[in-house]
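There are 2 protein chains.
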Amino acid sequence: MDEIIWATPLYEFLRQCSLTSLDRTVLDCGAGSHGDRPPPLLLFYQQGYATYGIEINDEPLLHAKKFCADNGIPLNIFRGDMRRIPFADRTFSFVYSYNAIFFMTKTDVAVAMHEIKRVLRPKGLCFVNFLSVDDPDRRPFRKDNSASRLLGSRRFSRFRDGEADIYFRGFDILLKEKRIIEKLYEGRRLKQAYIDYIARRRR
Amino acid sequence: MDEIIWATPLYEFLRQCSLTSLDRTVLDCGAGSHGDRPPPLLLFYQQGYATYGIEINDEPLLHAKKFCADNGIPLNIFRGDMRRIPFADRTFSFVYSYNAIFFMTKTDVAVAMHEIKRVLRPKGLCFVNFLSVDDPDRRPFRKDNSASRLLGSRRFSRFRDGEADIYFRGFDILLKEKRIIEKLYEGRRLKQAYIDYIARRRR
Numbered sequence: 006m007d008e009i010i011w012a013t014p015l016y017e018f019l020r021q022c023s024l025t026s027l028d029r030t031v032l033d034c035g036a037g038s039h040g041d042r043p044p045p046l047l048l049f050y051q052q053g054y055a056t057y058g059i060e061i062n063d064e065p066l067l068h069a070k071k072f073c074a075d076n077g078i079p080l081n082i083f084r085g086d087m088r089r090i091p092f093a094d095r096t097f098s099f100v101y102s103y104n105a106i107f108f109m110t111k112t113d114v115a116v117a118m119h120e121i122k123r124v125l126r127p128k129g130l131c132f133v134n135f136l137s138v139d140d141p142d143r144r145p146f147r148k149d150n151s152a153s154r155l156l157g158s159r160r161f162s163r164f165r166d167g168e169a170d171i172y173f174r175g176f177d178i179l180l181k182e183k184r185i186i187e188k189l190y191e192g193r194r195l196k197q198a199y200i201d202y203i204a205r206r207r208r
Numbered sequence: 006m007d008e009i010i011w012a013t014p015l016y017e018f019l020r021q022c023s024l025t026s027l028d029r030t031v032l033d034c035g036a037g038s039h040g041d042r043p044p045p046l047l048l049f050y051q052q053g054y055a056t057y058g059i060e061i062n063d064e065p066l067l068h069a070k071k072f073c074a075d076n077g078i079p080l081n082i083f084r085g086d087m088r089r090i091p092f093a094d095r096t097f098s099f100v101y102s103y104n105a106i107f108f109m110t111k112t113d114v115a116v117a118m119h120e121i122k123r124v125l126r127p128k129g130l131c132f133v134n135f136l137s138v139d140d141p142d143r144r145p146f147r148k149d150n151s152a153s154r155l156l157g158s159r160r161f162s163r164f165r166d167g168e169a170d171i172y173f174r175g176f177d178i179l180l181k182e183k184r185i186i187e188k189l190y191e192g193r194r195l196k197q198a199y200i201d202y203i204a205r206r207r208r
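Those protein sequences? They're chains A and B, same order as listed.
Take the first sequence: its position 104, counting from 1, is numbered 109 in the numbering used here, and each next residue is one higher.
Take the second sequence: its position 198, counting from 1, is numbered 203 in the numbering used here, and each next residue is one higher.
Just so you know, these hints were derived from the structure itself, not from any lab.
It should be emphasised that the depicted structure is a prediction, and the values quoted were computed from it without experimental measurement.
Heads up, a few of these hints could be off.
It does not matter which identical chain is used: a pair holds within one copy or between any two.
What the hints assert, rightly or not - Pairs of lysine-lysine, DSBU-like flavour, derived with a Cα cap of 30 angstroms:
#	residue 1	residue 2
1	K196	K183
2	K70	K122
3	K196	K111
4	K122	K111
5	K128	K111
6	K70	K111
Let's have the full structure, built from the sequences with the hints guiding it.
Given below as structure tokens:
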């Protein structure tokens with residue numbers, strides 16, 4: 006009985022990864038965790054993948070390392086910057102970045118997407134989600150340190166419906182899913198809007 | 006290592022169910038399966054839930070029963086109609102209907118939603134997804150028997166953004182998620198659009 010991960014769109018990514026015949030190696034860009042939540046890499050670890058993760062911010066990095074130490078689970082999460090991914094070209098079959106890339110400016114997003122492609126093997130799959138312009142961007146974590154460190158006083162980077170397609174040159178987009186969410190969160194009504202991509206590197 | 010289920014929005018429903026202290030009993034309305042895919046109830050079975058499912062159509066019912074027999078997994082799926090759910094009031098902590106309710110007319114959807122509420126316990130959770138008016142409704146399974154049996158020559162029932170809210174009187178809506186999907190499916194580009202609800206019965 007595996008633990009259910011809160012980052013549910015990654016289940017579809019995992020399912021598509023597991024349909025391929027590629028080596029089970031995966032990298033998470035922005036692999037830290039918050040509070041009691043386990044790092045999403047746990048999902049892949051539970052399925053027998055060799056997992057690696059990079060995280061630029063202190064607090065989520067500490068939470069993730071503590072989870073690994075407390076549970077004896079080697080997710081291999083360490084400090085790193087997705088604008089300069091510390092791995093060689095074509096290292097991973099699978100790379101993802103969940104709820105992370107939009108903490109950066111659009112200039113940095115372009116750099117990070119180039120890096121994600123670089124470390125992916127040919128025919129490898131990536132998952133990246135973007136914040137939509139339809140997201141009101143008024144969430145509780147709006148003002149936390151991780152956002153302000155990378156964006157300064159700016160807001161999150163938000164994308165129009167087709168705007169992020171440009172990052173997937175040299176990929177086939179297998180799935181693009183816009184999710185417009187209304188939810189009860191700690192007694193308050195929140196709206197969120199994301200655009201998720203699953204894409205396969207052509208060669 | 007559990008099998009990953011294709012019906013990924015159910016992972017969020019399962020996660021929310023597992024956060025409650027209610028008995029682990031779940032009913033799937035439209036519980037059949039297609040081709041090699043396991044019935045989605047497997048997801049709950051893997052987590053230790055007592056599972057029950059009803060299915061009105063022959064072929065998905067046979068597929069589901071074959072899966073259970075071949076794998077020795079008692080999901081308890083049998084023939085039944087969600088317009089007359091064959092269980093007593095307040096039997097289940099959790100009830101869901103995934104990609105199923107919109108095969109019926111809107112009149113029947115109202116009846117089925119009333120039935121789902123009836124068999125739910127107070128504070129029990131349900132998941133139901135609806136087809137959005139933004140769905141072009143031109144999928145390969147458009148003309149299959151299960152659709153034509155319930156809808157005759159009509160198209161699927163499709164819903165405007167807030168239209169299905171009315172079915173959740175007496176519930177708190179915990180999550181409402183509109184998903185607008187573009188995907189590659191057997192070499193063709195498909196568009197789909199759904200509106201998913203997770204709701205809690207008040208009393």
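(Q) I'd like to know which numbered hints this structure contradicts. Please list them from smallest to largest. (A) Per hint list: zero violations.
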